[in-house]
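Here's the letter readout for the chains.
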Amino acid sequence: MRKCSLDKLDLVFAEIAKNAELYLPVDGSDGGAVYQKWTEGTKRSEKLNTVKSPKDFFFPQTEDLMAFKTEGKSIDVIDTRKAAEDFVVFGVRACDVKAFDVLDRVFMVEPQDSYYTTKREHGVIIALACNKPSETCFCKTFGIDPKEPMGDISAWETDSEIFFKANNEKGEALLSKLSGLLADCADDAADAQKEKIDAIMDKLPLKGLTTEGFGGGKTEELFNRPEWAELSESCLGCGTCTFVCPTCQCYDIKDFNTGNGVLRYRCWDSCMYSDFTKMAHGNNRLTQKERFRQRFMHKLVYYPENNDGLFSCVGCGRCLAKCPISMNIAKVMKKMGGKASE
Amino acid sequence: MQTITRQTLLDKAVSLLNSGAVTCVLGWKKGEFDYDITPAIFRSAEDLEANFVWNDFCGANFSKYLVAKTDRLDGKMLVFLKPCDTYSFNQLLTEHRFDREKVYAVGIPCEGMADIAKIKAITGDGISSIACDEKISVTTLYADAPVVIDSKDVLLERCENCKSKKHVAYDELLCEEGETIDSNRFDEVARLEAMTPDERFAFWQNELSRCIRCNACRDACPACTCEKCVFDNPKSGVENKAPANSFEEKLFHIIRAYHVAGRCTDCGECSRVCPQNIPLHLLNRKFIKDINEFYGEYQAGEEVGSRAPLVNYTQDDIEPGDVFNRGGDNNA
Amino acid sequence: MQVKEFKPLIVAFCCNWCSYAGADLAGNNRLNYPADVKIIRVPCSCRVNPMFILRAFQRGADGVIICGCHPGDCHYTSGNYYTRRRMATLFSMLDFLGIERERTRLEWVSAAEGAKFAATMNDFVEQVTALGENKRLEDLRCKR
Numbered sequence: 001m002r003k004c005s006l007d008k009l010d011l012v013f014a015e016i017a018k019n020a021e022l023y024l025p026v027d028g029s030d031g032g033a034v035y036q037k038w039t040e041g042t043k044r045s046e047k048l049n050t051v052k053s054p055k056d057f058f059f060p061q062t063e064d065l066m067a068f069k070t071e072g073k074s075i076d077v078i079d080t081r082k083a084a085e086d087f088v089v090f091g092v093r094a095c096d097v098k099a100f101d102v103l104d105r106v107f108m109v110e111p112q113d114s115y116y117t118t119k120r121e122h123g124v125i126i127a128l129a130c131n132k133p134s135e136t137c138f139c140k141t142f143g144i145d146p147k148e149p150m151g152d153i154s155a156w157e158t159d160s161e162i163f164f165k166a167n168n169e170k171g172e173a174l175l176s177k178l179s180g181l182l183a184d185c186a187d188d189a190a191d192a193q194k195e196k197i198d199a200i201m202d203k204l205p206l207k208g209l210t211t212e213g214f215g216g217g218k219t220e221e222l223f224n225r226p227e228w229a230e231l232s233e234s235c236l237g238c239g240t241c242t243f244v245c246p247t248c249q250c251y252d253i254k255d256f257n258t259g260n261g262v263l264r265y266r267c268w269d270s271c272m273y274s275d276f277t278k279m280a281h282g283n284n285r286l287t288q289k290e291r292f293r294q295r296f297m298h299k300l301v302y303y304p305e306n307n308d309g310l311f312s313c314v315g316c317g318r319c320l321a322k323c324p325i326s327m328n329i330a331k332v333m334k335k336m337g338g339k340a341s342e
Numbered sequence: 001m002q003t004i005t006r007q008t009l010l011d012k013a014v015s016l017l018n019s020g021a022v023t024c025v026l027g028w029k030k031g032e033f034d035y036d037i038t039p040a041i042f043r044s045a046e047d048l049e050a051n052f053v054w055n056d057f058c059g060a061n062f063s064k065y066l067v068a069k070t071d072r073l074d075g076k077m078l079v080f081l082k083p084c085d086t087y088s089f090n091q092l093l094t095e096h097r098f099d100r101e102k103v104y105a106v107g108i109p110c111e112g113m114a115d116i117a118k119i120k121a122i123t124g125d126g127i128s129s130i131a132c133d134e135k136i137s138v139t140t141l142y143a144d145a146p147v148v149i150d151s152k153d154v155l156l157e158r159c160e161n162c163k164s165k166k167h168v169a170y171d172e173l174l175c176e177e178g179e180t181i182d183s184n185r186f187d188e189v190a191r192l193e194a195m196t197p198d199e200r201f202a203f204w205q206n207e208l209s210r211c212i213r214c215n216a217c218r219d220a221c222p223a224c225t226c227e228k229c230v231f232d233n234p235k236s237g238v239e240n241k242a243p244a245n246s247f248e249e250k251l252f253h254i255i256r257a258y259h260v261a262g263r264c265t266d267c268g269e270c271s272r273v274c275p276q277n278i279p280l281h282l283l284n285r286k287f288i289k290d291i292n293e294f295y296g297e298y299q300a301g302e303e304v305g306s307r308a309p310l311v312n313y314t315q316d317d318i319e320p321g322d323v324f325n326r327g328g329d330n331n332a
Numbered sequence: 001m002q003v004k005e006f007k008p009l010i011v012a013f014c015c016n017w018c019s020y021a022g023a024d025l026a027g028n029n030r031l032n033y034p035a036d037v038k039i040i041r042v043p044c045s046c047r048v049n050p051m052f053i054l055r056a057f058q059r060g061a062d063g064v065i066i067c068g069c070h071p072g073d074c075h076y077t078s079g080n081y082y083t084r085r086r087m088a089t090l091f092s093m094l095d096f097l098g099i100e101r102e103r104t105r106l107e108w109v110s111a112a113e114g115a116k117f118a119a120t121m122n123d124f125v126e127q128v129t130a131l132g133e134n135k136r137l138e139d140l141r142c143k144r
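Chains as they are written, first to last, in the numbering used here: chain A, 1 to 342; chain B, 1 to 332; chain C, 1 to 144.
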């Protein structure tokens, strides 16, 4: 484990930014935190987390795939990819880091998604432990420990110091470049901070939320439950929950007619939309109830069924904070699943 | 704080439900925390007793739900309407979007609703409880004592600039008849109008660039009740789902605001629900302000059956070319 | 290196019953107006949806002009009155977003006004040329 004092953190950032683009959460003009490129003088946000998740770094909301140009009878396929460059993301929370695991299992299995994989290979994640979890946090429900964020490098912050620990070769390589600025320290140096985090986790209002009653193999049991109708009753069908979610990975591939060619791009899609997975006969989920059910069944049943029990919710709480009508996965789990073990 | 109590509303709902006058109640349902309140349909007195809430966080405008929820409904639905909600209610009636006979509307007073984002800006994150009495008292995980806030300091933008305390539609009113208010709601629009075009462009570029095209502004809007929105129609050529670039953002927001121009009651739901805090109401208010100035004062939803200004005309309307030459505006 | 002269692309929505014939008359009378004006014939100026105007800008127009019948002369009695309200509010909104107000215009041109048509187009092209390329409502994907 290595450390430096917080007032030297800007020097660390400057050192990192010499070799790669560095992104970190800063306060946006509307008050919400947003990932932004670091330049001299950039002030780090003190907010717990960003409004949008960091999945954008690897799986952007819109991404050009290729372009076509026709001339006479020939079609030119144009590669629109840019050369990937190394980048570092600082300040990713434990939940969002875990979300990358969820995405990896979708995009990095055969056939690999080269757009995603390339960015993943070029990005280094510096994860930061959560000193002040919010009331909307429930990462522990999914077995995530906010005091032990994974990522390529884990970091802990106290009032005066910041500690770093590399978790793999990529992380080690970055830390070794910073050796001039960081001092070696004992592996238990951040333990006091970890204890503080634990103490707060015990006070969170959603600490009793359990995954009991969900998981692979529960489809039959949950699919036709009457509660779906009540839960989805006031859902507006907007895509807020899916677009702020760090694990939602559905996308649509579309062709855009530019007037002088075709641009093929992909963009996030939302199972909440009426035209999601539209087929020749229309959408097979006719009402908002079915679309609503799909989202939660996917996170809590279908995904774990196909991925060794891993849930595709990480308890970041973004949908709890942002849903226009405050209907969310925590309410669904309480209503449909096992009771909280208070 | 609110002047009417939860108990009054609850008693009203339970008695109407028990008497059979209504078969269900559209109301606010308590959430996990004290502020995350969900619109819900209550069908039993027990459910109401257990889950119905009324406090400073009941901002949601119910009017739009009437379109979908009263379709094929047996009997009547009780709906509680705050003054601003009644304007949307009338506007939907004007557009024949629901059956008035299926609704029993109870007008309730509103002292303005609180914005949780503004509260969190004061108290910080980690709210463990909020008590709404005379003042709003917020307990957090990180402060020893509760933070006491005057509800007037944390109002939603639309409530800060409340345009009316008057109920323009109801079957029954649980308070005194209110009055419309001379609000300052156009001040911010006027401030932008006084900027140079470059400044305005920079302002909107910054605001709209945050858009994630979640469509919440559209889906929460009581004036947006098309069965199939042009932005959801793959054949429209503009259904791009995501804000691919700055043109897309502008296209979506201009068309969204334009589509409701003349019909928008300025209920402010679009800005309230925006996850990115984009001041979308300013676009709508710009249209309202222009319409007032070009064609005479008009408040959508004030009366049922009024003809919206953009589906109306007079023979001597202002020419588009003269719009910018009305004096006082010297930013060309 | 020679700087390429900027030639604006102008889209003109012309009503079938008046200005489209006006354009014809301008042609018959050998009145000059720039070839950069691309005319789209519409059954009435009222047919022009605000989306059309934005789409024209998206596909590379530097200016958009709508030409309809003089107030009172609409072939369908009142179409142009609606157009007038629509365009007044739309142009004002575009201006509110900081988009140059000189890029849009509404003009009344009758079938007999060939000279007015040519003069209007010359004037509008000149006005848009002075503004330069449409940057504020451009779609980068559509750039050639």
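Be aware that one or more of the hints could be misleading.
Taking beta-carbon pairs under 8 Å as the criterion, some of the chain C residues facing chain A (in silico) [to be verified]:
# : residue
1 : 4
2 : 55
3 : 60
4 : 142
Straight line, CA to CA, 25 Å or less: simulated DSS-like cross-link-like pairs of lysine-lysine [unchecked claim]:
# : chain 1 : residue 1 : chain 2 : residue 2
5 : A       : 289       : B       : 30
6 : A       : 82        : C       : 135
7 : A       : 3         : A       : 132
In case anyone wonders, no lab produced these hints; they're calculated from the structure.
Don't be surprised by glycine CBs; every beta carbon is placed ideally from N, CA and C.
Status of the hints after comparison with the structure:
Below 8 Å, beta-carbon pairs count as interface contacts, and residue 4 of chain C has none with chain A, the closest being about 18 Å; its hint is therefore violated. Among the interface hints, the one on residue 55 of chain C is violated; its C-beta lies about 10 Å from the nearest C-beta in chain A, farther than the 8 Å criterion. Of the supplied interface hints, the one on residue 60 of chain C holds, with its beta-carbon coming within about 7 Å of a beta-carbon of chain A, less than 8 Å. Because the closest C-beta pair between residue 142 of chain C and chain A is about 5 Å apart, less than 8 Å, the hint holds.
For the given pair, residue 289 of chain A sits about 21 Å from residue 30 of chain B by alpha-carbon distance, which is consistent with the 25 Å threshold. Restraint check for residue 82 of chain A and residue 135 of chain C: the C-alpha separation of about 24 Å stays at or below 25 Å, so the hint holds. A C-alpha spacing of about 21 Å is found between residue 3 of chain A and residue 132 of chain A, which places the hinted pair at or below 25 Å, so the restraint holds.
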